[in-house]
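Visitor: Taken in sequence, the protein lines are chains D and L.
Sequential numbering of the first sequence, starting at 64, is according to the numbering used here.
Sequential numbering of the second sequence, starting at 85, is according to the numbering used here.
Incorrect hints may have been included.
Quick partial rundown of chain L residues pointing at chain D, CB under 10 Å, derived from the structure [said to hold, decoys possible]: (1) Pro146; (2) Ile160; (3) Leu181; (4) Val272; (5) Glu324; (6) Thr328.
If you are wondering where the hints come from, they were derived from the structure by calculation, not from laboratory data.
If you're wondering where the values come from, they're calculated on a predicted model, not measured in any experiment.
All residues carry an ideal CB built from backbone N, CA and C; glycine is no exception.
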Amino acid sequence: MKNVSASGRSRKTDHAVGLALGIAYVVILVATASEIGFARDEGFYFRASRGYQKWFDVLGEDSSKALEEKTVGRHWSYNHEHPALMKIAFGFSERILHKKLDLMSPSTALRFPGMLSAGLCVYLLFLWGSFAFGRREGFFAAMAFALMPRVFYHAHLCCFDVAMTAVWFLVFYLYWRSLASWKFGLAAGVAFGFALCVKLNAFFLPAVMGLHFIVVYVRWRRAGGKSSGPAPKPWAFVYGLIFGPLIFMAHWPWVWFSTFKRIGRYMGFHSHHPFYNTAYFGENIVNAPTPVSYPFAMTLFTVPTVIILLFAAGSLLRARHHFPQRLERVVERFWKARGPLLVHGHDLLTFIGVLFPIALIALPGVPVFGGTKHWMPAMPFLALLAGVAAARLMDVASGVFVRIPAKVTGAVVLMVLLMAPLQQTVTSHPFGLASYVPLMGGARGAASAGMLRQFWGYTTAGVIPWLNRNVQKGGGVWYHDTARPSVSMFREEGMIRRDIRNQLKLKSAHYALVHHELHMIRNESWIWNLWKTITPEYVLTYQGVPIVSVYKKPVATPRRKLK
Amino acid sequence: MAQKGNLNRIHWLWLLVPAVVAAEVFLQWSIPRADPSKEEWVEAAQAVIDQKQDGDLVVIAPSWATQGRIYLKPVIALRDFGRFETSTYDRIIEVSLNGERAPETEGLALESEQDIGRISVRRYRTGGSAKILFDFLDQTYSGKKGRGRPRGTVIIIDHWFNPRLVVPFKPKKTPTSKTYKNVPLNGVIHGYAVIGYREGRFNKGGPIKLEIFVDDEKVGEQMINNFGPLEPFDIPINREGTGTVRFQVTSDSHFKRRFGFAADMRVGAPG
């Protein structure tokens with residue numbers, strides 16, 4: 064493989080354009096971050112990140128003390144259900160970007176590494192798309208991914224899901240390139256090590272890659288072995304085996320002591336993870352078996368339909384290379400021109416990239432509480448295949464409007480195709496988790512169908528201006544599903560009035576929030592019973608659908624004093 | 085690259101893509117515009133208040149539009165909110181958004197309709213309501229009634245996430261009971277018993293038994309299972325005069341579950 068992309072142009076330009084797209088995305092994320100409230104899990108990661116930084120302080124002052132088991136245990140035990148890499152990055156980001164340089168608020172600085180990983184994913188998508196197909200494909204894929212409303216929401220957070228998506232995609236890309244180059248094999252091995260440090264999903268990578276490698280190798284042998292071309296190289300596995308465990312162990316002081324026991328605890332947490340509530344067509348899913356259709360349907364309902372349509376077309380375009388001849392002739396009538404044939408099972412890899420994360424969540428024993436975030440690693444591949452169809456559509460349009468220069472036609476087609484995803488992303492912000500495609504009626508249609516409106520209690524930010532105006536001095540608010548550290552961040556950043564107390568007991572609160580989810584009506588009933596009212600004072604809505612209700616404790620009628 | 089001359093009929097399928105884009109953009113623009121304005125809500129609420137009489141039920145369609153409760157506060161009582169059925173209401177006033185229908189009004193005869201922007205206020209006649217001789221909910225603690233819930237009753241959420249106003253119990257192995265005196269006996273005891281929702285993984289425990297006694301004579305019982313169907317019980321008494329009615333609850337395998345019943349002595353329409 065030469066150092067030119069499928070379009071035949073310089074790879075340096077591809078890197079430059081990809082980087083520009085990635086940076087632009089990060090800038091937009093930073094600019095819009097303050098509008099998204101702090102999600103439940105973010106609160107825990109804020110706390111963990113800051114706690115881990117204290118260990119680095121000790122390390123700077125007295126390294127031998129920092130390496131003692133007691134010190135490591137004290138600083139690294141919290142939130143040990145996830146590896147530490149991203150939390151270390153969050154912490155250093157706050158230390159540098161907020162405390163030292165004062166460039167960002169604490170929360171934005173903590174969230175920044177997550178945003179960077181989203182930017183990395185956009186950059187990689189352009190790069191991969193350009194390398195494998197052409198710049199038009201790469202550009203559309205990068206934009207389609209960036210403009211998925213749910214991806215846009217998660218890309219803001221101090222969480223691991225977008226980082227996992229980026230690093231998962233990176234490992235796939237490097238693995239594919241490694242089939243022809245040991246250098247990429249080395250890079251893939253190192254990237255795999257970092258992936259293990261982000262989230263548990265990375266443990267599936269060797270199996271997925273291994274399956275792909277076997278198929279590619281068998282195909283190569285059947286095609287005549289060496290006479291058909293160079294053999295696919297297994298370097299990624301060799302280096303992954305070396306660097307994977309090494310980097311994982313090195314990055315996480317918590318597993319330096321009682322190693323097997325602690326790694327067992329980390330894995331055990333996920334293998335026994337409880338099923339949190341999620342709503343699906345009016346049913347509250349909180350137990351196995353979960354519906355097999357869930358991740359497929361939710362992908363259809365939350366990814367802009369034009370992207371889904373183009374993904375389907377792009378999949379057919381690529382899959383036709385593998386069809387039996389007669390079937391291909393039928394498809395050929397539809398598609399006409401053939402795209403560049405790619406070596407080393409590229410199509411298979413992209414199909415695996417789309418299907419594996421979704422199929423894994425579709426297993427009836429796997430919890431589905433994460434909405435769409437748990438199969439987000441499928442989205443870059445979905446966007447990549449959509450890019451293939453988008454480029455084909457540009458060709459078709461150029462064939463129709465022959466008098467207009469092809470570049471102009473292509474640009475217009477791109478703009479038209481990205482119009483709907485852009486509109487959905489802009490209008491759903493900051494209610495990303497309540498976003499559903501307009502063809503299912505948007506949030507209103509989803510509410511009527513009994514779908515999940517949110518989780519994590521992140522929408523509190525939307526009612527804070529109302530609380531600041533209406534809560535009496537020193538009043539207490541019961542924040543329902545918003546975690547304590549997340550509420551603390553609202554206070555720390557001065558978003559919520561400092562005198563407003565975070566009341567953990569409903570009984571003692573003056574105001575109470577309800578984050579609307581199907582099962583949360585039970586918490587709402589506590590308010591109805593205790594405060595004897597079913598009427599909220601204020602309701603925050605998205606597309607007219609209630610997201611957060613604020614109740615006010617009725618003023619008690621003073622009892623008449625007995626004479 | 086496809087040339088103009090090469091385009092075949094199937095190529096025109098690509099037009100589907102811009103058509104989907106157009107539909108998506110238009111719908112995304114129009115969906116938030118289906119939300120009624122504050123003025124429409126206020127006017128609709130006034131229309132409801134103007135026609136609401138005792139014995140009328142006010143419902144919002146779709147049921148998720150809970151912001152409507154802010155405007156309809158004077159006409160939606162907690163007592164009605166936690167109802168099991170609509171048979172005790174003479175009329176139903178439906179506040180409908182964008183033409184939606186409430187399940188309670190399915191098949192009922194429309195009496196009147198008023199359109200206020202994106203809201204329609206419709207009134208239906210239920211076709212005759214049951215005559216209640218004695219409501220155990222209202223009489224749980226010396227019959228204190230009002231807009232709030234009657235004393236001693238609570239709203240619990242059933243397995244299907246509906247609010248139900250009930251007389252609450254914490255089931256145990258030993259019987260716990262509620263007794264009502266001076267109950268007119270010339271009718272049918274009609275009611276429901278429900279187990280409150282707990283997250284599925286905590287939903288353990290055996291069935292709960294509700295027994296009903298009239299003057300210490302057992303007249304009926306109902307077994308209620310986790311996630312069992314919501315079915316009314318009807319126990320004909322049809323005796324002269326008044327008597328004492330006792331509801332007794334037990335569970336052999338009790339777990340931390342909320343349980344409750346709502347019942348009345350009635351003549352006429354069952355549930």
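Visitor: Against chain D, run the beta carbon of Val272/L and see if the smallest gap drops under 10 Å.
Guide: violated, 29 Å
Visitor: Against chain D, run the beta carbon of Ile160/L and see if the smallest gap drops under 10 Å.
Guide: holds, 7 Å
Visitor: Under the criterion of a CB-CB separation shorter than 10 Å, is Leu181/L in contact with chain D as hinted?
Guide: holds, 8 Å
Visitor: Does Glu324/L pass the interface check with chain D, least Cβ-Cβ distance below 10 Å?
Guide: violated, 38 Å
Visitor: Should the hint that Thr328/L touches chain D count as held when the rule is a Cβ pair under 10 Å?
Guide: Violated: closest Cβ of chain D sits about 28 Å from Thr328/L, beyond 10 Å.
Visitor: Taking the closest Cβ pair, is Pro146/L under 10 Å from chain D?
Guide: The hint holds - Pro146/L has a Cβ within 10 Å of chain D, the shortest such distance being about 5 Å.
Violated hints for the displayed structure, listed by number in ascending order: 4, 5 and 6.
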